[in-house]
Amino acid sequence: MTVPAIEIRQLKKRYRKVEALRGLDLTVEAGSVCGFLGPNGAGKTTTMKILMGLIRPTSGWVAVDGIDVRESGLLARSHIGYLPQDPVFPSYQTVRGVVATAARLYPGHLRGSALRRRVDDLIDRVGMTDKAKRRTAGLSGGERQRLGIAQALIGEPDLVILDEPSAGLDPTGRRDMLNLIDGLRSTATVFYSTHILDDVERISDTVIMISRGVVVAQGDIDEILTVPDTDYAVRLRGDAEALHSRLEYEPWVKSIDVRRHGDIEDWIVRLSDGSAVERLAPALVDGEGLDIIEFHLSDRRLEDAYLSLVGVDNGD
Amino acid sequence: MAIEVAAVRVGIGGFFGVLGADLRRWLGRRGLLHLILWVAGINGFVYFLVVAGLAEFGALGYENLLNALMLFPVFAGIILAEATIVGEYRSGVAAWLISKPVTRGGYVSAKLMGLWIGLSVTVILIPGLVANWWLPKVEPYRFVTPEAPEFGRFLVALAVTMVVLGFFIAVTGLLGVVIRRRGPVALLVMVLWLVLRFAPSQIRPSWYRYLPTGLMRADPDVNGWIPGMEYIHGNPFGPVSAVWATAAVSLAFVGVAMLLYRRLEL
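Residue numbers (my numbering), protein chains in the order written: chain D, 1 to 316; chain S, 317 to 582.
Next comes chain D alone, as it looks inside the complex (with noise of 0.2 Å):
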């Protein structure tokens, strides 16, 4: 059985009077990526800071590789390569150095030429080959986040933590980084948070929600995305009032969520059984002066499932 490469178990942290975390229960799967998501506020930094030994938790066990962090941080976190949320390297120090100065800090690490050459391979991969010899106090914010990938993988750790690794960056940037994520896969797994859910539908094998200090939802992204059989998305024009009367109280009708667009309106039905969808076509088809645009099965987005998991009113 593969040891998952990160385990947390009943994760306290209490700042004075604060409860960051609650009991936090989470599974990270050794080579997979996991996109962790939650609003802010929701526990994913200090999770994150207390996977790296940065802060302590209150009580609860955390193992990265199967090592517990609290016993033995030092061993873990020569297995990790970490990005933090506002990355900031040594002022002094070029963009090179930075990189060969964190190569340098992990046990067995190349020297000489081979080290000048892994670390110029890795600028290269965050697209800073024109900035290297460029001291780190004239960067900009996406020009750090770069650098902080570079130097969070130069120790070819085998557990990469990135603490909202596309943010700051523009268009550009946010693809090359979830390009340079994906292409993680073969060699570590990948944990990182974000509050883009389209950068977790594109690159994540598996999801974990958190919100208030707890575990919401965890599992594969296409187990969160599966949608049941009576979800039926309706996109109608014209006075569709009387239809969303008469429907509303057909006891195989659960619920209707409607959203307005000018004259066109996008319907969600949710149906009592996936059977009941043929009670509902043709009660749509009766609609008077009504024109059916698009009728199917609801597609869930990420947004969907986090908003509906998560909640709307759960910021900071």
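Hint data in this document are derived by calculation from the structure and do not stem from the laboratory. It should be emphasised that the depicted structure is a prediction, and the values quoted were computed from it without experimental measurement. There could be a bad hint or two in this list.
To be verified - Label-pair ranges, simulated between beta-carbon atoms:
id : chain 1 : residue 1 : chain 2 : residue 2 : range
1  : S       : Ile395    : D       : Gly66     : 42 to 48 Å
2  : D       : Thr2      : S       : Ser407    : 37 to 43 Å
3  : D       : Thr94     : S       : Val511    : 37 to 43 Å
4  : D       : Glu156    : S       : Glu581    : 27 to 33 Å
5  : S       : Leu445    : D       : His195    : 56 to 62 Å
6  : S       : Gly347    : D       : Arg301    : 54 to 60 Å
7  : D       : Glu156    : S       : Val556    : 46 to 52 Å
8  : D       : Glu156    : S       : Leu348    : 30 to 36 Å
9  : S       : Trp560    : D       : Glu156    : 44 to 50 Å
C-beta atoms are modelled at their ideal positions from N, C-alpha and C, and glycine is treated no differently.
Dock chain S against chain D, hints included.
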């Protein structure tokens, strides 16, 4: 047991990684610029006092040099140590380094040691050696002592100033870990320097031999030159105990700073 041995190896590697990165700061073009500025600054200061200034002070060229080396490197050490320990804690650079396979104790000790070595070479040893080259050639110096001092004794005097520098770096490091605010830390250590250097009436003379004061000031019972100067001029080095005590206290301060740093949230 195997895990513990592996952890010790990783920790040592991390310590030398941080130390190496800090020592590299003093090399290259930037390091050369620092070196030139410090050599010119300290030697210019001593030249002003010895040659261009008042002749009677000029006669004590080596004492002026040693006093300058007890002043400028120490103040540079205080500023740089608080910028390192407090500044890196606040900016997030410390968190970046400690997110690597580096122990917190290894980080603190490597940072303070790197600073001490860098300043000792750049601000004490090389400017001192340059001064030792030209001071014996200056007329007012020859007026008192026509011969250059023995080189080995001069190096010992420089080493004593390095011990004093180490003490103030260690104090700053410890206070930086405890207070974690740049201004108050620097201010407190500078006040400590002033007390130890200029207000020893508050300190029992018998304690001199166990404090940096014994290395920074002349023994009040003898009322001669500062100890390093006495030694340069062929006299025995009196406050040997002050050297060991200062070094031991400095190491103890670094040790406490390492322990306290483990409790910080980064």
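Comparing the hints with the structure gives:
no. : hint                               : in the structure
1   : S:Ile395 with D:Gly66: 42 to 48 Å  : holds, 45 Å
2   : D:Thr2 with S:Ser407: 37 to 43 Å   : holds, 39 Å
3   : D:Thr94 with S:Val511: 37 to 43 Å  : holds, 41 Å
4   : D:Glu156 with S:Glu581: 27 to 33 Å : holds, 29 Å
5   : S:Leu445 with D:His195: 56 to 62 Å : holds, 58 Å
6   : S:Gly347 with D:Arg301: 54 to 60 Å : holds, 55 Å
7   : D:Glu156 with S:Val556: 46 to 52 Å : holds, 51 Å
8   : D:Glu156 with S:Leu348: 30 to 36 Å : holds, 34 Å
9   : S:Trp560 with D:Glu156: 44 to 50 Å : holds, 46 Å
No hint from the list above goes unmet by this structure.
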